[in-house]
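Undergrad: Since the structure of chain H is already known, use the hints to place chains V, B and D on it.
Chains as they are written, first to last, in my numbering: chain H, 333 to 664; chain V, 333 to 664; chain B, 333 to 664; chain D, 333 to 664.
Fair warning: there could be bad hints in the mix.
Note that identical chains are pooled: a pair holds if it fits in a single copy or bridges any two copies.
[Said to hold, decoys possible] Here are the computed lysine to any residue pairs in the SDA-like style, where the Cα-Cα straight-line distance is at most 25 Å:
id	residue 1	residue 2
1	370	473
2	635	400
3	388	430
4	388	632
5	536	421
Read the hints as simulated data drawn from the structure, not as lab findings. Predicted model, so just to flag it, every value in this text is computed and none were measured.
Number of protein chains: 4
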Amino acid sequence: MDRRSYMKGMGAALASYAVASGAKEQPAMESSREHLTKAEFDQLFKQLSNWGRWGKGDQLGTLNLITPARRREAAALVREGVCVSLARDLNEEKSVDNPDPLLDVMNLGVDGKFNMDTYTVNFHGFAFSHFDALSHTYYEGRLYNGYPDSNITSSGAKVLDAAKYYDGIFARGVLIDIPWLRGLPYLPTDALITAHELDQWEEKTGEHIHSGDAILIRTGRWAFREAKGPWDIANASAGLAPSAMVWLHQREAAFMVSDCAHDALPAPVEGVDFPIHVLAIVAMGMPLADQCNLEDVAREARKLNRQTFLLTLAPERIKGGTGSLVNPIATF
Amino acid sequence: MDRRSYMKGMGAALASYAVASGAKEQPAMESSREHLTKAEFDQLFKQLSNWGRWGKGDQLGTLNLITPARRREAAALVREGVCVSLARDLNEEKSVDNPDPLLDVMNLGVDGKFNMDTYTVNFHGFAFSHFDALSHTYYEGRLYNGYPDSNITSSGAKVLDAAKYYDGIFARGVLIDIPWLRGLPYLPTDALITAHELDQWEEKTGEHIHSGDAILIRTGRWAFREAKGPWDIANASAGLAPSAMVWLHQREAAFMVSDCAHDALPAPVEGVDFPIHVLAIVAMGMPLADQCNLEDVAREARKLNRQTFLLTLAPERIKGGTGSLVNPIATF
Amino acid sequence: MDRRSYMKGMGAALASYAVASGAKEQPAMESSREHLTKAEFDQLFKQLSNWGRWGKGDQLGTLNLITPARRREAAALVREGVCVSLARDLNEEKSVDNPDPLLDVMNLGVDGKFNMDTYTVNFHGFAFSHFDALSHTYYEGRLYNGYPDSNITSSGAKVLDAAKYYDGIFARGVLIDIPWLRGLPYLPTDALITAHELDQWEEKTGEHIHSGDAILIRTGRWAFREAKGPWDIANASAGLAPSAMVWLHQREAAFMVSDCAHDALPAPVEGVDFPIHVLAIVAMGMPLADQCNLEDVAREARKLNRQTFLLTLAPERIKGGTGSLVNPIATF
Amino acid sequence: MDRRSYMKGMGAALASYAVASGAKEQPAMESSREHLTKAEFDQLFKQLSNWGRWGKGDQLGTLNLITPARRREAAALVREGVCVSLARDLNEEKSVDNPDPLLDVMNLGVDGKFNMDTYTVNFHGFAFSHFDALSHTYYEGRLYNGYPDSNITSSGAKVLDAAKYYDGIFARGVLIDIPWLRGLPYLPTDALITAHELDQWEEKTGEHIHSGDAILIRTGRWAFREAKGPWDIANASAGLAPSAMVWLHQREAAFMVSDCAHDALPAPVEGVDFPIHVLAIVAMGMPLADQCNLEDVAREARKLNRQTFLLTLAPERIKGGTGSLVNPIATF
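Isolated chain H, as found in the complex (with noise of 0.2 Å):
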């Protein structure tokens, strides 16, 4: 891969950078170039943009580029049988990552034969491994493909709601597992993943993330509140840095998991505090599932020694919604 290539047309502070990650820089001071100007932002918005691709209409974005030849290629990687669950189980206890638990209500006995429950569910925020929907998030008033957000009302959203993706995602999941990259239990929570990080990934992996993959970004952020308790991760959380977006699109990944928001938190971008959620969901159109659990899998994928497998996972047809709690599911 041709790292100037992926960096054509950022700002200078990220050209430099591209220079100087090409020199093997350490990442503590590669991460101090990650950090854009909104003018650099807005350039990268640019150069990252699906907007017009799949058509005018489009509304399923990077969900595109899995084709039925991917998904034939994603099953055949089914040869353990062995399922593992990406989600946690809905947290209904408050904490300071938690302001709105799972309410259930139970109701027993109906009809002396059937227990029953009702659940509400905010399922945005930092608690729930959930789907995000491209009506999930705006820039500058549009949506993903040019979108006026004013197609999301009170009512709920016009377009690019979560039952747009009714056949769900199936595709090949890949498990990109900093931590163990690095060597620790999980990240420190001012983490910036970048892209160079991810090519030394894949260069110890020996693998090489394809079109149309799903790609699962640990950072280790629920060992970390298993160690050490729940924490403001709202304001302080490991995450991607813009870079690893440049080179995801030029990966043409089709879909994001990660146990964190994506975002790094703070956001190593002036005036845009989601800036990871700005560029899939907006400029390329890529679908996000949030707070996943993606401690099971990488146990599996240490056993197993394989990072790729089948990746499930189905929104609930939620008409008018800007996602849902979701369960996806690895199948080695």
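TA: Frame of chain H; chains V, B and D shown alone:
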């Protein structure tokens, strides 16, 4: 298949039915023999019971039949690489078959960047495509595997809850399209699907149900609703006859999906109003997916002339819950 | 008051209790005589029944006792012009006495001008100050006034629902502060408040309960919780003895408010676990306000040396509902 | 009343309106003069501001005007002893003016004795009778009394939340029935209620608005809906003109109740779409009860020929909330 054997132990009414059905009687006459007394039903319950089969502490029931080998075989069915949702869009309109519509409250412009929504759903019942965990149904004070129903409290289900199925279902799916078999667009609301009719389906299609299969039973309920509007389906629904459960038990079906509640309503059993739920969930330990959308998969099946495919389904991980919304996917 | 008369018709246990209590026995001994068999309870149910008293179709029960004249008298009690809430802040923290916390989802910056929120509440139980409509409780298949419980369906209560009380309650409120009477900060969790103790309260305060009064029974539950933390109040709560209901029935109390569920738990009646709910709501047709905050009003009452005031309360107009959150107000 | 004085400081348009209205012009012409530029509105905001009036830390706003003396006077208005609800039954049917119907999930037969229900409500908007706490609205980044809007977070309102009004409102209520004044069953949706019209109402009825009064402004919205069905009231509603707020501010009204959102929609102010909400809630610190039922109270008022009564209202104690459902009661 020896029809006499699977009727062994049932009451006199069903025994004579078994003989009669061997004689290829009319379904109308046959279905009159599907009506059971309470004592016959209790006998049938014992006959179909899987309590203890997978150990005293088992909570997965017939999902144990979906082995890694079965999963590999199921994955190998992905040939066209086409995914089809088995869920319906979640219904937000009150109607006779939807007393508690999905409530989805929008939350726009959060941080000048995000659209969000919060949903509340009483998912059991007749309106939403959903998963029934084994904690959903009990019979005479007992859940599957003999767990007392007192395990289900207002704080949640301590056993057999939705979160137990975290790794989801990954199995061979087989569509049994009864209206197609009968040459109808949809079944009348008093139709009973008997073991005899399942035999006929196997004969006509040349397919055989195997251990670990996920069976999709289409009654055409949504086509009926499309044609005639919503009706009080709680009191008028096509569904399975008790003999069908004997048949499915013998073949070791692992899971069932239907476009209604599986149960014929009113039920043909004296004093037991959802006998199929009781037999499947409580006796056999077979979770169910109710009220699914089988119209799209039926179209695809006819188009491809395929009744089998990969079925994937992953319930939400609601600890203590009795099921969840679900969007099962058939992949051809 | 002739204590023998109000015991007329109760079982032998209570009759002997009545004689004994005339002899000024100790409360501890007395309370042992408050334990009823099922047959004695059923006898008491009949004795206290108001079925038919206000007509066959009546749905207001004892609220009929609050006449325009009573309302005028109640309004005349406003002398200081001081209002005191009888509700608690709605609890959003899960605890042993709050399995389903209030869920309140914020929605900020709507139209650049409005902050909003959506709340979900399972209001019955032990956590929230709430109103019990007469549809909330039944006994042996019957609601107040003999309505079959089948009137309450999954679509809502067709009779005796919360919306029936649309014009609210406007009555003389009388605080009966039992811990104050006993010289304690709060009652022990096994305390039974008997008719005898209510007599003592009248004697000490010089107040008399009249027809149409709204009675506030303080056990000090919230002071107990403040001192010792939440506990499993469903299984350990001070409350009213059955004899207290005889006393209140004779005096024609119209409404009751308590800081607990009114019922002593576990209940002193064989085979009937919330006997006070059954007697008040089902037999007498008296709605209740449970789990209210009586700490602030008790302080004000002591400060002003007044036990009576105007009590206003207006349930939410939930058609088909069994009650609602409520914030009753005492105005001195 | 000196009309010139209350217009002092408003822009040229209103000044000339003031002169003109002194000349008893037609309402139609007058209302054209009610249209304000943004600059005129900002001037008016300053004129009506109560920031600092009751101290820097005040959170009660105009409710401070309801003194113990006012409460005693209000209680003395109870002469007939008749209570009338000012709420509507909570709407469970989706419609153009009710995008998020109340969801009420029943839970029957709990412990063989109790019927329960759980409700979810997005109470602001145009469908439900509700209370607006002062945290509900902000203007140019500020809440009432200058609190920055950043006090309202996704965890709740840290200031001016619903629970602040725990002791409720107990005041003289005055019904200003504008359709009655105009001889109409209900106002047209483009009607503007001006200061001039409020003068006319005082003249006709002989009543005068005093400090601490709770004003009920009837537009006849529900009679209109009854006659013609629901419409998009968010874009077509009768309501108060800005001059009415000047009038109410001068008279020191403490609280307002309306059968719509108080605001005329679309609003007659350039660039400010709910100017009455902004003036009342943000500038004056006056909470509101929106979307109330004023049909029943209007009937009672006409029957008794009384425009004044005791108004009681108690919001739910939602800590951090921006208001709640409410059932205000008028007692004659």
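Undergrad: So, for every hint listed, does it hold in this structure?
TA: Outcome of the hint check:
1. Taking identical chains as interchangeable, the C-alpha atoms of residue 370 and residue 473 lie at most 25 Å apart whether they share a chain (16 Å) or sit on different chains (24 Å).
2. When the C-alpha separation of residue 635 and residue 400 is checked against a cutoff of 25 Å, the pair qualifies only between copies, where the shortest distance is 16 Å, while the shortest distance within a copy is 30 Å.
3. For a Cα distance limit of 25 Å, the shortest separation of residue 388 from residue 430 qualifies neither inside one copy, at 38 Å, nor across copies, at 33 Å.
4. Taking the shortest Cα distances, residue 388 and residue 632 never come within 25 Å of each other, neither inside one copy (41 Å) nor across copies (27 Å).
5. Neither within a single protomer nor between protomers do residue 536 and residue 421 lie at most 25 Å apart by alpha-carbon distance, with minima of 32 Å and 44 Å respectively.
In this structure, the earlier hints numbered 3, 4 and 5 are contradicted, and the remaining ones agree with it.
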